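Undergrad: Sequence:
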Amino acid sequence: MEQRYHFIKSGTKLLGITLVVFVFMKWILPMVLPFFIAYYIASLVRGAKEKEKRNPILRLFLTIGIIGLVIMVGWYLSQEFLELWSRREELLYWEGAEESGLIGQLYQKLVQQFDGEHLSDELIRKVASPFGGMRDTLGGFVAVAVTAVATVLMIGEYDALREKLHKNALGQVIVALGKDLSVAGGDYLRAQGWIMLIITGICILALFLVGNPYAVLVGIAIGICDALPFIGTSLVFVPWAIVMFFQGSIWLGIYYLILAGGTSLLRQFLEPKFIGHRVGANPLAVLISIYLGLQFYGIWGVVLGPASAFLIWEIYRFT
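Going by my numbering, the residue at position 273 of the sequence shown is 273; the numbering climbs one at a time, nothing skipped.
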């Protein structure tokens, strides 16, 4: 009887915490997120200032090296992009496609979409439309502005704000949970970064092997697509393979299909392993949390799902 009572009590407690976390993640977090981000950035800036006082020369050389590397990579990618853009109509065209046929119509549509004037008109139309993405765009700008202002204010008042949080009982709980969540979140993002880096490297190498002159630029773009939920490398490689089949390059089309399937399977294999190892969770539990996150939160569930699961467990263990 006592064991059954304990089970019911634990289950009720877990259910209550789950509902509270869901409500927080779904509706409250979007409203307070700018202030959380501002506090986190303020803590990073203060920490960086303290480290800079200890090793200013080392940080100077490290900063110069990172800036130089970013400039070099950016210059190389911009050269590839400009050359690719100048040849967009040539690359989209394939012989044997009649204008009245399906392939010919698809070609004309692609050329129209990639036309510079059409792109600029479409961008102006969407920004100017009161019923389009204007509200989301304006909301995004407001959130960024609030985050920036809050960050500046919190940097100046960081010590006093931190002292108040540590003196308050609720603040102590928030700080403790925030530290654990930031560590787990950082590990999660680093794991995703490593997976994206591996997939991107494979794509760049695979494109180099077939002599693609834009291997780095296209490989990075495909790697970014792979990191986005419901998109993946198949969004690029499968249509690319179909185009190769229409052009008569059967083996190259098969090659791209193999790449699409191989990289997708590799991500499915690496994601639970990397995330589970870094966050310290069971890979199956991580996979379940990602799936449930997608069901409840939509596209952001890839991040919010594991974060919610970790937060539920931490609150349950803390209380």
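If you are wondering where the hints come from, they were derived from the structure by calculation, not from laboratory data. Just so you know, these numbers come straight off a predicted model, no measurement behind them. Accuracy of the hints is not assured; some may be wrong.
Said to hold, decoys possible - Calculated lysine to aspartate or glutamate pairs in the EDC-like style (CA-CA distance at most 20 Å, straight line): (1) 273 to 187; (2) 179 to 314; (3) 167 to 187; (4) 13 to 271; (5) 179 to 163; (6) 9 to 271.
As the list claims (entries may be wrong) - Beta-carbon label-pair distances, calculated as ranges: (7) 242 to 149: 24 to 32 Å; (8) 68 to 164: 38 to 46 Å; (9) 165 to 292: 26 to 34 Å; (10) 36 to 248: 32 to 40 Å; (11) 282 to 57: 40 to 48 Å; (12) 148 to 268: 32 to 40 Å.
Where is the CB? At the ideal position from N, CA and C, for every residue including glycine.
Undergrad: Each hint should be assessed against the structure and marked as holding or not.
TA: Taking the hints in turn, this is what the structure says about them:
1. 273 to 187: 13 Å, holds
2. 179 to 314: 11 Å, holds
3. 167 to 187: 29 Å, violated
4. 13 to 271: Violated, at roughly 30 Å.
5. 179 to 163: Holds, at about 16 Å.
6. 9 to 271: 34 Å, violated
7. 242 to 149: 24 to 32 Å: 49 Å, violated
8. 68 to 164: 38 to 46 Å: 42 Å, holds
9. 165 to 292: 26 to 34 Å: 31 Å, holds
10. 36 to 248: 32 to 40 Å: 55 Å, violated
11. 282 to 57: 40 to 48 Å: Holds, at about 44 Å.
12. 148 to 268: 32 to 40 Å: 38 Å Cβ-Cβ, so the 32 to 40 Å window holds.
Violated hints, in rising order: 3, 4, 6, 7, 10; the structure is consistent with all others.
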